[in-house]
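Novice: Residue strings, one per chain:
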Amino acid sequence: MSVTTRAGYQGVAVAVPITVPYVRYSTMSAHWWIARALAALLEAAGVEKAAVDGVCVSGFLLFPDTAVGLMQHLGLSPRWLDHIPMGGNSGVVALRRAARAVQAGDAEFVACLAGDTNHVDSFRHTVASFSQFARDAVYPYGSGGPNASFAFLTDYVMRTTGITREDYGKLCVAQRTNALAFPHALFKKPLSLAEYLAARPIAEPLHLFDCVMPCAGAEAFLVTTEDRARALGLPYARVLGTIERHNAYPEDPIQYRGGWAMDRDDLYAQAGVGPEAMDFVQVYDDYPVITAMQLEDLGFCPKGEVKAFIRSHSFTCDGTLPLNTSGGQLSVGQAGAAGGYLGLVEALRQLTGQTLGTPVPNAQFGLVSGFGMINYDRGLCSGAAVLARGHVQ
Amino acid sequence: MTAPLQRPNKKNPVCKTRQPTLPPWTRSRVALGMTAAAAEGRFELQRCARCQAVQYPPREACHRCLCIDLPWVEIDGGGKLISQTRLLHSHDLYFRERVPWRLGMVQLDAGPTVVVHLHGDVAAPPARVRVACKLDKAGMAVLVGFPAEEVPNMADDRQLRELTCNPQFRRVFVTDGKTATGQAVVRALAAAGADLIWVGHAEPWKLVPGLAALQALEQVTLVPLDVTDQRSIKEVASQVGAKVDILINTAEYHRAFSISARQGTDIARMEMDVNYLGLLRLAQEFGPVMKARGADGQSSAVAWVNLLSIFALANFPSHGTYSASKAAALSLAQCLRAEMRVAGVRVINVFPGPIDDEWNQLLPPPKLAPTAVANAIIDALRDGIEDVYPGDVAQEWRMRLKDSAKAFERELSVGSGT
Numbered sequence: 000m001s002v003t004t005r006a007g008y009q010g011v012a013v014a015v016p017i018t019v020p021y022v023r024y025s026t027m028s029a030h031w032w033i034a035r036a037l038a039a040l041l042e043a044a045g046v047e048k049a050a051v052d053g054v055c056v057s058g059f060l061l062f063p064d065t066a067v068g069l070m071q072h073l074g075l076s077p078r079w080l081d082h083i084p085m086g087g088n089s090g091v092v093a094l095r096r097a098a099r100a101v102q103a104g105d106a107e108f109v110a111c112l113a114g115d116t117n118h119v120d121s122f123r124h125t126v127a128s129f130s131q132f133a134r135d136a137v138y139p140y141g142s143g144g145p146n147a148s149f150a151f152l153t154d155y156v157m158r159t160t161g162i163t164r165e166d167y168g169k170l171c172v173a174q175r176t177n178a179l180a181f182p183h184a185l186f187k188k189p190l191s192l193a194e195y196l197a198a199r200p201i202a203e204p205l206h207l208f209d210c211v212m213p214c215a216g217a218e219a220f221l222v223t224t225e226d227r228a229r230a231l232g233l234p235y236a237r238v239l240g241t242i243e244r245h246n247a248y249p250e251d252p253i254q255y256r257g258g259w260a261m262d263r264d265d266l267y268a269q270a271g272v273g274p275e276a277m278d279f280v281q282v283y284d285d286y287p288v289i290t291a292m293q294l295e296d297l298g299f300c301p302k303g304e305v306k307a308f309i310r311s312h313s314f315t316c317d318g319t320l321p322l323n324t325s326g327g328q329l330s331v332g333q334a335g336a337a338g339g340y341l342g343l344v345e346a347l348r349q350l351t352g353q354t355l356g357t358p359v360p361n362a363q364f365g366l367v368s369g370f371g372m373i374n375y376d377r378g379l380c381s382g383a384a385v386l387a388r389g390h391v392q
Numbered sequence: 000m001t002a003p004l005q006r007p008n009k010k011n012p013v014c015k016t017r018q019p020t021l022p023p024w025t026r027s028r029v030a031l032g033m034t035a036a037a038a039e040g041r042f043e044l045q046r047c048a049r050c051q052a053v054q055y056p057p058r059e060a061c062h063r064c065l066c067i068d069l070p071w072v073e074i075d076g077g078g079k080l081i082s083q084t085r086l087l088h089s090h091d092l093y094f095r096e097r098v099p100w101r102l103g104m105v106q107l108d109a110g111p112t113v114v115v116h117l118h119g120d121v122a123a124p125p126a127r128v129r130v131a132c133k134l135d136k137a138g139m140a141v142l143v144g145f146p147a148e149e150v151p152n153m154a155d156d157r158q159l160r161e162l163t164c165n166p167q168f169r170r171v172f173v174t175d176g177k178t179a180t181g182q183a184v185v186r187a188l189a190a191a192g193a194d195l196i197w198v199g200h201a202e203p204w205k206l207v208p209g210l211a212a213l214q215a216l217e218q219v220t221l222v223p224l225d226v227t228d229q230r231s232i233k234e235v236a237s238q239v240g241a242k243v244d245i246l247i248n249t250a251e252y253h254r255a256f257s258i259s260a261r262q263g264t265d266i267a268r269m270e271m272d273v274n275y276l277g278l279l280r281l282a283q284e285f286g287p288v289m290k291a292r293g294a295d296g297q298s299s300a301v302a303w304v305n306l307l308s309i310f311a312l313a314n315f316p317s318h319g320t321y322s323a324s325k326a327a328a329l330s331l332a333q334c335l336r337a338e339m340r341v342a343g344v345r346v347i348n349v350f351p352g353p354i355d356d357e358w359n360q361l362l363p364p365p366k367l368a369p370t371a372v373a374n375a376i377i378d379a380l381r382d383g384i385e386d387v388y389p390g391d392v393a394q395e396w397r398m399r400l401k402d403s404a405k406a407f408e409r410e411l412s413v414g415s416g417t
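Protein sequences appear in the order of chains B and G. Residue numbering for the first sequence is 0 to 392, as defined by numbering that gives the first Met the number 0. Residue numbering for the second sequence is 0 to 417, as defined by numbering that gives the first Met the number 0.
It cannot be assumed that every hint is accurate.
[To be verified] Footprint (simulated), chain B over chain G, 3 or more residues, beta carbon under 8 Å:
(1) 44-57
(2) 78-92
(3) 99-107
[As the list claims (entries may be wrong)] Simulated crosslink set (DSSO-like; lysine-lysine; CA at most 30 Å straight-line):
(4) B:306 with B:188
(5) G:366 with G:405
(6) G:79 with B:302
(7) G:233 with G:205
(8) B:306 with G:79
(9) G:233 with G:9
Since the hints were made in silico from the structure, they are not lab data. Yeah, the Cβ is synthetic: ideal placement off N, Cα and C, and Gly gets one too.
Chain G on its own, in the form it takes in the complex (with noise of 0.2 Å):
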């Protein structure tokens, strides 16, 4: 039975901190499918259009009918371990540094066969396994088998905890603590067992409500930060920076307005200042020391989360200037993340739809509650997944989206009126 995690031990400051290896990351195009899935947190595999077969590994015509219509869906995981393997051996290095790693071969109930890393607590062969699909460190799916019933401490496995990114015992940096949301994240964290949480405050001469509770919570360490200042965040990288295992950038500027709503470039400016190049300065300062601790033992450097909106993915006329910041940092944010992936470090992108905050006051329901975000952001560090779309707006978009990123534009043109 998994043992449930405990906090590290201090870090011995004389032994050298381990550096970063991948599992091999080398995919065909069309096993890519799977990552596209396991991203959002989906275990897909491609069917037949014509005779519904299976098919594993990813291929390019059915095995059964040769048919090329072969859309990926979604699998139930469920199926039975028919042999297991523990290795001690590896050819790779990353692995190499991890064995004993145990292994399965599950038949799955949707038909074909599949290895699996194996969870401890899955019982010897022939046993029920559920398989899910999650990224590894090098940022590709992989095929994991759980027990089929829940079972205690099943996230503290230490095979699984490759794949995912749990606060437990973590140190966390929530670069905003001034936002309802961000606020929402720091206790979130808290009482999802992070060690130590610095949140970051611009003009802390300014108060708002709710920091004061915050500053209460005995995890948390509030820190001056202003993400439009270099100078600000270097100074705090430099304290801080060597520790901070997860980075959560819930900083965003925030104005509803079109183009011809206001004149001049103002507020865009501050826009793009502190939602697009505010992400690249946090990304100069704390992304090269966090890629140097990707491997830093139980509590290393494992995920960077930005905090976009759904509008980075199109254009919602009524906050225009904002929906171009959140493009652009969802550019940058895949930049950071190819960045990022070769320490193993996962940065995970938030797309919620309108958060229930007075920046979106004018807008109808169904908007989002800050807490709601929170706990799409923990749900996603803990499953392991990179791409969230928390709340129903947000759902919505991208099905649209993904029909028609034409006709969706088009939608989005009319409905936002003048």
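Isolated chain B (complex conformation) (with noise of 0.2 Å):
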């Protein structure tokens, strides 16, 4: 890809990270979550409804509703509003679209708002109907949803490779330990190696905590100026570099490679720091699979390496390479379009010094990268962005 000269972020602020505790189960509907979510992020910030100019809203149950809904089922009115289906790039895009809004001055107070609810049986609907090719060509086979899908390409991956399931078990391991210092985690039993082998198969190669768990949740952060988090005090994080693809690489046969592959170069360019400079990396994690083509496509290691790279890293907060620092969606849960925020939420934490669970030591930049939308045979949605630590105190 060739690398463009794009405008910098410059005068943005990222702040104030929102997570509405989860629970596995709700009665409740997205749109109680996402409401949740913003009077959280109201308080944290000390300001009133009325201040909030612009929202970014993602819910794969909003249905019928959109953005468009929610406003006026909250009392909104922003002269901004972005609805973005992304589901696991929700997080990044959302970032990008605000940070443009708020430096062109469209708006200048952007809620990002992301949450869903889980129903007993609300998955498989959600399953059921994802989209057109999912329903004509996925999903009357064998209907097994998302690890079916995970499935085919962790057996690909592991036999052209030879990573071996006790690489990914690593990673699982390493989130989970990462997730037992934070409360909202839903997991909060230690996971061993011999655990992970030990688990009941689900989707052969995949078993059970290879796969993702759904749940209901919410999240959200706020993207403004500079000068405006500083009067409110807020601290925040500055954006250095972005990227977003959809449907990269529609040739290949099966997923083995993302997006980021595509753009990796315009983000380090872009941000003018490089992957080696991260002190932590959030990454889209439903499946190990996913978290470990991230780790190659971002420049972390070269492609089809990542086995040697996964035996020597630690990838918990207090080791090498800090990976999913509140344990990831594998060991937190994954409500929904909130699972796209997960990452971006846990990463402002650490760079505002307002981490819930084990902090980095002097975390400056961080990665966080998102994949969304299985919607026939591959995930169309890649992003990812690069953080610095901004105003603090």
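Starting from two chains that each stand alone, build the complex the way the hints lay out.
Specialist: What follows is the structure in structure tokens.
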């Protein structure tokens, strides 16, 4: 990919990381969860609702509403509104959209909100009607949902690269270690590699602890100007670089690489720092195969060498290359579209000194990446952002 | 390697009969193009008329050049298995009852990557496979990855059997054993390994050639049955209906005449009574009990076969009233198909060209041997096909109709003479 000279994100502040504590099942609606996230964001920012002049919303289960209906539901009158239906890529893309709106002056105080509920039977409905291609060409084949899609990919990658279950297990175990200190993680028990390996098969070669657990929850963050953040006394992070890509490499017979590989040079060129500068990484982690793919495609190691890379890092908050420092979705849970915000919100906590779990010592730079929407045979949306510690106090 | 199918154990009467469930049946309209081809046993995908790119999943516009002219063309199913999984968990009730379930991702030689139900004898990836398109229990097209070469007992694969209606070890009811076609069907079923074959015969005091020979087959039981008599059907259905896995309606009344060649409506009434109302009566008496057995173990109720006629699709004037009765039967068969679909019982319509029997004596060849019709039915059951057009005449009619139904109507009216 050619390296463009894109405008930077000067003057933009990203602040107020919010997590509404997750639950496995909820009888409330997505609207309820997003409302809780907004309320928490306003309280933490110390402003009234009327201060919000821009909104970004993501939620699978808002249907039949979109962001539009939600504005009346929540009594908001923003002058700028975006609905981002990009699943696990929603957080990075919300950040990109909101940052540009703030820079252009179209909005000054953008609440980025993502949340979903999880009724006992709602995940099945989500999977069954996820997309036209999924309904026509995936769901009728065993109805395994994302487990089956990622099983295909995991099977392919394991066979062609020699990566083992033990390698994937190391990632899952490290994330669980990180999760044990994070109060909102739904998984609270330590996970050993032996337990990981002995788990029951779900969709071979995937076993129980490879699979993300659907739950209800919400996440939010604020995008505003640095001036406004300072005036409000809000610690914030700065945005150094971002990328997004959709339907990358459509001719690949199977998704052994994602859009990050196409755009990472652009990302690091814009950011002015490379992967070696990152104090932590928050990658989209519904299955460990995709975590490992992001490490490769974002340039932490050469393609095909993630096996050795995994074996040479600890990925814990106190170790080398802290990864998914709140535990990631695999240990916190996947609250629908909020899963696409989880890494970004945790990155903000790490960079603004507001961690709820284990802080990464002296974290200055962090990378967040997103991945979303298995439309047919692959995830279509990819994105990433490099964030830096901004004004903290 | 697939184990050869074994005769199922007798059903334990204490156990509840499992109720039928269906795999997911929601499809976009454009995707139903695959189902239309699969109903006749073909694997078709859209291919762009302009740039020749093959599309999958089915689309509204070419993914390469955005052309919207995407005709369905037959696809060579050769491909490479690049990945596989075995599901042990499913979100859907139907599959939940059937896991483990093997799936594959196949890169077709034709281009796209497809997700398939994977036959148990396909080697681990990377492996050559042959992809075919079949109808599932919900009546919707699904892709299946087969071993590239024929292997022993290939048809007996557990997953594949969900898509087919092989008569082996099944119990079949043939409604009329007195016609040449009915008798050929019974013999073909016996040869195909059917366990029990009940053979209906109306007016049992009237003996016809061949019936005694049928009775000599060990699988065969003759049953007095008159499809024009609801009470007769009810009686038989109450005795054997709950055991019938496949029903094949061969009963028909056929006289060659146009409108003006006969006085009155007696013959036309008989044709309707047997060909149309006979099907209705059978469906009323046998349909509900077969629907209840749509998932009743290895030999569940699987198929209902209607012997229609290619004349059901367009009126053949010299057999005008017969054509009308078959058209009526076709319409009713569509209704029956909709009703049986909820139980996963396939309704197979057979549209033969003129059969070489006494009622088509004056028609010129080619005429279809009764054994050819019977074999076509067995093949359709084994392959899971739902619309069958056996013989050259049927194939030609089909093509002419597809090309222009109106032009064909005129051709038939001119060709019929007086």
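Novice: For every hint, state whether the structure bears it out.
Specialist: Checked hints:
no., hint, in the structure
1, 44-57, "holds (count 3)"
2, 78-92, "holds (count 11)"
3, 99-107, "holds (count 4)"
4, B:306 with B:188, "26 Å, holds"
5, G:366 with G:405, "25 Å, holds"
6, G:79 with B:302, "24 Å, holds"
7, G:233 with G:205, "22 Å, holds"
8, B:306 with G:79, "26 Å, holds"
9, G:233 with G:9, "25 Å, holds"
Every hint from the earlier list agrees with this structure, and none is contradicted.
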